[in-house]
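Peer 1: Let the hints inform the model, and build the full structure from the sequences given.
Which chain is which? The protein sequence lines are C and L, in order. Numbering follows the working numbering, with no gaps: position 170 of the first sequence is 328. Numbering follows the working numbering, with no gaps: position 255 of the second sequence is 285.
No lab work stands behind these hints, which were simulated from the structure alone. A portion of the hints provided could be inaccurate.
To be verified - To be clear about the criterion: a stretch of chain C counts as covered by chain L if any three or more of its residues have a C-beta under 8 Å from a C-beta of chain L, and this derived list gives those stretches:
(1) 186–194
(2) 210–218
(3) 274–285
(4) 296–309
Unchecked claim - Calculated cross-link-like contacts (lysine-lysine; reagent style DSS-like; alpha-carbon spacing at most 25 Å):
(5) C/Lys330 to C/Lys290
(6) L/Lys49 to C/Lys290
(7) L/Lys39 to L/Lys323
(8) L/Lys243 to C/Lys290
All residues carry an ideal CB built from backbone N, CA and C; glycine is no exception.
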Amino acid sequence: MSKVTIHGIYDDDEQLKNGAIKIVGMGLHVKEVFSPFPVHGIDPIIGVKRTRLPICSFIYGVTGASLATWMMWYMMISDWPTEVGGKPNFNFLVNWPAFIPITFESTVLCAAHGMAITFFLRSWLMPGVTAKNPDPRTTDDKFLMLLEVNADDQAKVESVLRETGASEVNVK
Amino acid sequence: MHQESEIRKPLILGNKSYKDITDDIIRPVQGKANKWWWLVFTLSATTFLWGIICLCYTIGTGIGVWGSNNGVDWAWDITNFVWWIGIGHAGTLISAVLLLFRQKWRMAINRSAEAMTIFAVMCAAIFVTMHTGRPWLDYWLFPLPNQFGSLWINFNSPLVWDVFAVSTYFSVSLVFWYTGLIPDFATIRDRMTKPFAKKMYALMSFGWSGRAKDWTRFEEVSLVLAGLSTPLVFSVHSIVSTDFATALLPGWHATIFPPYFVAGAVFSGFAMVQTLILIMRKVFSLESYINLKHIEYMNIVIIITGTLVGVAYLTELFMSWYSGFEYEQYAFINRATGPYWWAYWSMMTCNVVSPQLFWFKKIRTSLIATFILSIVVNIGMWFERFVIIVPTLCRTYLPSTWNMYHPTFVDIGIFVGTIGMFFTFFLLFARFFPVIAQSELKSILKSSGSEWKKKGHNESEHH
Chain C
159 MSKVTIHGIY
169 DDDEQLKNGA
179 IKIVGMGLHV
189 KEVFSPFPVH
199 GIDPIIGVKR
209 TRLPICSFIY
219 GVTGASLATW
229 MMWYMMISDW
239 PTEVGGKPNF
249 NFLVNWPAFI
259 PITFESTVLC
269 AAHGMAITFF
279 LRSWLMPGVT
289 AKNPDPRTTD
299 DKFLMLLEVN
309 ADDQAKVESV
319 LRETGASEVN
329 VK
Chain L
31 MHQESEIRKP
41 LILGNKSYKD
51 ITDDIIRPVQ
61 GKANKWWWLV
71 FTLSATTFLW
81 GIICLCYTIG
91 TGIGVWGSNN
101 GVDWAWDITN
111 FVWWIGIGHA
121 GTLISAVLLL
131 FRQKWRMAIN
141 RSAEAMTIFA
151 VMCAAIFVTM
161 HTGRPWLDYW
171 LFPLPNQFGS
181 LWINFNSPLV
191 WDVFAVSTYF
201 SVSLVFWYTG
211 LIPDFATIRD
221 RMTKPFAKKM
231 YALMSFGWSG
241 RAKDWTRFEE
251 VSLVLAGLST
261 PLVFSVHSIV
271 STDFATALLP
281 GWHATIFPPY
291 FVAGAVFSGF
301 AMVQTLILIM
311 RKVFSLESYI
321 NLKHIEYMNI
331 VIIITGTLVG
341 VAYLTELFMS
351 WYSGFEYEQY
361 AFINRATGPY
371 WWAYWSMMTC
381 NVVSPQLFWF
391 KKIRTSLIAT
401 FILSIVVNIG
411 MWFERFVIIV
421 PTLCRTYLPS
431 TWNMYHPTFV
441 DIGIFVGTIG
451 MFFTFFLLFA
461 RFFPVIAQSE
471 LKSILKSSGS
481 EWKKKGHNES
491 EHH
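Peer 2: So this is what it looks like as structure tokens:
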């Protein structure tokens, strides 16, 4: 059974969602959806799982906090404690409030950059990567639903797409 | 879908479609720069060059070419540093805090406001790195292992907190700004026909395709970065304020400083955003996207933060009297009546009086009044930092150490040079980057576009 690629191009995000609901209702899998802005509500319809990036960000943040805390304990309390302005520095607990600003900054630094780098790696966004959207108008004003279906289902799918308001249906 | 009441004024005027949004915002990037752009760019770049010359003179000859002296060891350098950092705070506030508060009106202005933050922090960094006197030793500010027995930095000092705070602020703002730009670069890439430009934007867009999962991740990253940037912006200027507050000088050693500085930063930042945006929207014909509602909302923020600053002034004055401490009392008598009284009263007029004018609807919806007052506010905020630093330092505890401060042409040259640098970078940004977050704006077209509101479109009609 040969597979055929179908592009369903919509002008409106609500129509795209209706189309996706019908296609998924037919038992078919929507391979990808390309849009010029995030279409809220499309994820549960086409089966996109919730992103775990915020969890990553939390882990990176905790790493940043730990790193900064350890660094300041080592440098100010353990390795070379110096008395500055008579401030108590004989153990970590008495000096700890002064370490808060840098610990906070380090948390934010590691959380933000760690998450951004993870995002770029997971979505494979790098300088030099070629874009995957099949139609350049999807970054302008068109919404594209990419389907890979068996040749038998092609006619049914095309009619569903047109019924739900697709302005163009292209078969590759 | 985001539901909005029909009686709210629309955020996008004119009968705009998604394609119109793309066309309007990409047009300045696709077209050629006009003669006004070239004129202002030449002016800014020349001023920037003069600033660089003054900087080279400073590094080559020594910090003695500045007007700073034994008593007034911080003067225009730190005034300018705090001024620029303060200006930068509006960008982060608009992008981060307004995102957390779900204020859709931020979408038309956040891109240029964040760009302003990046450039303002770069200008601030020049002062803080150059004022050390031996800038080639600035790496000593970082906790790097070394051959002095590994002499570490003093983590108890706000000056060291500043190093971490400002670098974190700069890098996180850059990441936030750039991540938001990626989908818009993709739009330009897909529209450009000139091969070199297409290649450049393709590189800058990192291969963005607009897939559903990528958009989900993008929104989540924006949300988390906003959540991280909000405490960051408050912490950075609080830390800058502790540069003064943890010192023992009368007039500096006050606990009001952190909230006072943060409010002041947002105040001057929004004023600078107004100045830039009023010009930009006219030049690029973006009045449908940045309309009177945006201008008015920003003026309301200026009222709030300006009032906070005014209340902080009153608090300082009250506490200095109530303390009964004659040195603290004198610090403020000196500010108002001493040799720099003219700076103090300029500050008071510009910062306390002018934002209160925005209570009048006629003034806060007038573009001319907004433009003039935004410049007045920025001048006032420069004087505020000057008044905090110079009059205090020229009259400290011991009268035999009292002296005056006069800026040299180098001080003035570097400051003017950073203004030139700021506008140079902003003009480059406006020429090559999309100045409005157009993909974000498209997402609110159906809920906040004027034609859509008229038709009464809402979610129920599509089911």
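Peer 1: Hints first: check each against the structure and report whether it holds.
Peer 2: Hints versus structure:
1. 186–194: Contact hint for the segment 186–194 of chain C vs chain L: holds, 5 residues under 8 Å.
2. 210–218: Coverage by chain L holds here, the residue count being 3 at a Cβ distance below 8 Å.
3. 274–285: Holds: 9 residues of the segment 274–285 of chain C have a Cβ under 8 Å from chain L.
4. 296–309: Our answer is that it holds, as 4 residues pass the Cβ test (under 8 Å) against chain L, meeting three.
5. C/Lys330 to C/Lys290: holds (15 Å)
6. L/Lys49 to C/Lys290: holds (21 Å)
7. L/Lys39 to L/Lys323: Measuring from Cα to Cα gives roughly 8 Å; hence the hint holds.
8. L/Lys243 to C/Lys290: Within the cut-off at roughly 13 Å; holds.
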